[in-house]
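Asker: Protein chains in written order, with the numbering used here: chain A, 1 to 198; chain B, 1001 to 1174.
I should point out that these hints are in silico values taken from the structure, not numbers from a laboratory.
One or more of the hints may lead you astray.
Just a few of them, taken from the derived set where beta-carbon distance is under 10 angstroms, the chain B residues facing chain A [what the hints assert, rightly or not]: (1) Glu1004; (2) Gln1011; (3) Gly1016; (4) Leu1050; (5) Ala1051; (6) Ala1055; (7) Ala1061; (8) His1085; (9) Thr1087; (10) Ile1112; (11) Met1115; (12) His1119; (13) Val1121; (14) Met1123; (15) Glu1125; (16) Ser1126.
The beta carbon of each residue, even a glycine, is placed where N, CA and C say it ideally should be.
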Amino acid sequence: MNRDYSSVEDAALVREAQQGDMAAFEELVARHRDKIYARAYSMLRNEDEALDLSQEAWVKGWQRLNQFQGDSSFGTWMTRVVINLCLDHLRKQKRHRSESIEALDEESGGVERQMPVLEVNPTAGLERQELRERIDRALGQLSPEHRTVLVLHEFQEMEYKEIAKTMGCSIGTVMSRLFYARRKLAALLAGWKKDDMK
Amino acid sequence: MMDEAKQLELQAFLDGELPPAKAADWQRRMDADPEVRALGAQLKASNEALAIFEAETRVPASRDFYWSGIRRQIELLEKASARRHETEPPLSWLARIRQYLVPAGVAAAFLIAGMLATHQVRMAESGHPVRLEASLTSPGSFTYRDFSSGITLVWLSYPAEKEFAEIDSILNIP
Chain A
1 MNRDYSSVED AALVREAQQG DMAAFEELVA RHRDKIYARA YSMLRNEDEA LDLSQEAWVK
61 GWQRLNQFQG DSSFGTWMTR VVINLCLDHL RKQKRHRSES IEALDEESGG VERQMPVLEV
121 NPTAGLERQE LRERIDRALG QLSPEHRTVL VLHEFQEMEY KEIAKTMGCS IGTVMSRLFY
181 ARRKLAALLA GWKKDDMK
Chain B
1001 MMDEAKQLEL QAFLDGELPP AKAADWQRRM DADPEVRALG AQLKASNEAL AIFEAETRVP
1061 ASRDFYWSGI RRQIELLEKA SARRHETEPP LSWLARIRQY LVPAGVAAAF LIAGMLATHQ
1121 VRMAESGHPV RLEASLTSPG SFTYRDFSSG ITLVWLSYPA EKEFAEIDSI LNIP
């Protein structure tokens, strides 16, 4: 008979899984799968790729489980695994891109910098599902580089210099991308369009 | 309106990336200037928005379907790993010797070098000059010279890695 793991804490499940108990690992996957998938989706904004990479992250997690020392929570450790996979994936994609989207985005960033600041909370007054859809669309209008900076900063709570090292760019570029991404996100959420600015 | 450099500095303040003195200065500006305050609020809103976004995002697959993909992959990898272990040929006698000989040779070289160096210091202190030389290009060789008695001793670690490779290629060992 299968053991019921639903009331067992993560740390104990990790110990069981480290001994080769796949049922304990399955419970960990069930608990954290939405977060791991959401992190991949935030960076890639493609359902199929996010699904594949999040599953790959779990496979890697199983293989490296003995390296998990419990310095952070298991969920945090797994988000690092999936973030690294996404970064590798984006690097490979970037090599295949024929033109530099990044350069275009840095240029268009100037528009957002000059936007008037309205005293409005872009997330106020919206239902959560509607808000999610808007954020999804807004993220889709950011380049992978801008989304990555946002995710690494806002979710992984990485400092500018850590992000710069991870992404292989300068701290100035990180600051600029972060600023542009935040303002564009805020603008899109508030329903602003560039045409309205003219 | 703030220029670009100031906007980025405000962002750095909000992200806790400024030194305390500059941060205090920006805090005063936030309190006093509505434009700074509004831009600050807008920059911080992305954090809230992303938190909602991730909280509302779900795996677009059932628990069983999602897990079965992971389990299948794990099982495939473990089977492949087990198969590799089964089909791996046992180490040849030469490979077994090499496993121990190379580290033992390196350890012996350092031991002898240490003994000679100690000897060199003692001889120098007693007014009897000797010299120990080690070449960077050949890390496995040491030369000992005793000038007063006219002795030169060259110590080489043997067999060298290259020679192992040559032996391997001759014997057709992968």
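Asker: If you take the shortest Cβ to Cβ gap from B:Met1115 to chain A, is it below 10 angstroms?
Answerer: This hint is violated: B:Met1115 lies away from chain A, its Cβ roughly 41 angstroms from the closest one there, beyond 10 angstroms.
Asker: Given B:Thr1087 as an interface hint, is its Cβ closer than 10 angstroms to any Cβ of chain A?
Answerer: Not OK, violated: B:Thr1087 not within 10 angstroms of chain A, min 21 angstroms.
Asker: B:Ala1055 was flagged as interface toward chain A. Is the shortest Cβ-Cβ separation under 10 angstroms?
Answerer: With a closest approach of 8 angstroms, the B:Ala1055 hint holds.
Asker: Can you verify the interface hint for B:Ala1061: is its Cβ closer than 10 angstroms to any Cβ in chain A?
Answerer: holds (7 angstroms)
Asker: Does the interface hint hold: is B:Gln1011 within less than 10 angstroms of chain A, judged Cβ to Cβ?
Answerer: For B:Gln1011, the interface hint holds, since the closest Cβ of chain A sits about 5 angstroms away, which is under 10 angstroms.
Asker: Does B:His1085 pass the interface check with chain A, least Cβ-Cβ distance below 10 angstroms?
Answerer: Check failed: Cβ of B:His1085 comes no nearer than 16 angstroms to chain A, outside 10 angstroms.
Asker: A closest beta-carbon separation below 10 angstroms is what the hint needs, so does B:Leu1050 meet it against chain A?
Answerer: holds (5 angstroms)
Asker: Checking hints one by one. Is B:Ser1126 an interface residue toward chain A, by the C-beta closer than 10 angstroms rule?
Answerer: violated (54 angstroms)
Asker: Going by Cβ atoms only, is B:His1119 closer than 10 angstroms to chain A?
Answerer: Violated, about 46 angstroms.
Asker: Holds or violated: B:Glu1125 as interface residue toward chain A, Cβ cutoff 10 angstroms?
Answerer: violated (50 angstroms)
Asker: Holds or violated: is the Cβ of B:Gly1016 closer than 10 angstroms to a Cβ in chain A?
Answerer: holds (8 angstroms)
Asker: Can the hint on B:Ile1112 be confirmed by a CB-to-CB distance to chain A that is less than 10 angstroms?
Answerer: At about 39 angstroms, which exceeds the 10 angstroms cut-off, the nearest Cβ of chain A leaves the hint on B:Ile1112 violated.
The structure does not agree with the numbered hints 8, 9, 10, 11, 12, 13, 14, 15 and 16 stated previously, though it agrees with the rest.
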